[in-house]
Amino acid sequence: MTESKVTRPFDMLNSAINKQVLVQLKDNVQIRGKLKAFDVHMNIVLDDAEEIIDGKTKTKYVETLLRGDNIVWITV
1 MTESKVTRPF
11 DMLNSAINKQ
21 VLVQLKDNVQ
31 IRGKLKAFDV
41 HMNIVLDDAE
51 EIIDGKTKTK
61 YVETLLRGDN
71 IVWITV
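Position 28 of the sequence shown, counted from 1, bears residue number 28 in the working numbering, the numbering being contiguous throughout.
Hints were generated in silico from the structure; no laboratory data involved. Predicted model, so just to flag it, every value in this text is computed and none were measured. Any given hint could be a false lead.
Think about it this way: if two alpha-carbon atoms lie no more than 30 Å apart in a straight line, the pair counts; the simulated DSS-like pairs of lysine-lysine are [unchecked claim]:
no., residue 1, residue 2
1, 58, 26
2, 19, 60
3, 58, 19
4, 34, 56
5, 34, 58
Make a model of the complete structure from these sequences and hints.
Encoded structure:
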């Protein structure tokens with residue numbers, strides 16, 4: 001078993017740069033895309049993102065900014 005080096009939430013986000021992430025928003029909408037950047041407010045920038053509603057891709061985005069206030073969770 002590999003020991004995780006994540007000790008703070010931003011450690012996880014740093015390790016996820018340029019990787020695919022899934023983001024759950026408050027309105028029960030999910031966005032999946034490649035994490036490009038984030039800030040201390042958990043605003044995040046995703047490349048090649050797609051909006052997923054009820055398990056189906058609804059809209060695709062080349063680049064998108066998600067405001068941290070709307071994010072419920074992020075998984076890598």
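Subject >> Distance restraint between residue 34 and residue 58, which requires alpha-carbon spacing of 30 Å or less >> reply: holds, 17 Å
Original post:
Is residue 58 within 30 Å of residue 19, Cα to Cα?
Top reply: holds, 21 Å
Subject >> Hint consistency between residue 19 and residue 60 [alpha-carbon to alpha-carbon, up to 30 Å] >> reply: Between residue 19 and residue 60 the Cα gap is close to 17 Å, so the pair holds against 30 Å.
Original post:
Going straight from one Cα to the other, do residue 34 and residue 56 come out at no more than 30 Å?
Top reply: The given pair, whose Cα atoms are some 18 Å apart, holds under the 30 Å limit.
Subject >> Pairwise hint evaluation, residue 26 against residue 58, where the allowed Cα distance is 30 Å at most >> reply: holds, 17 Å
Checked against the numbered hints given earlier, this structure breaks none of them.
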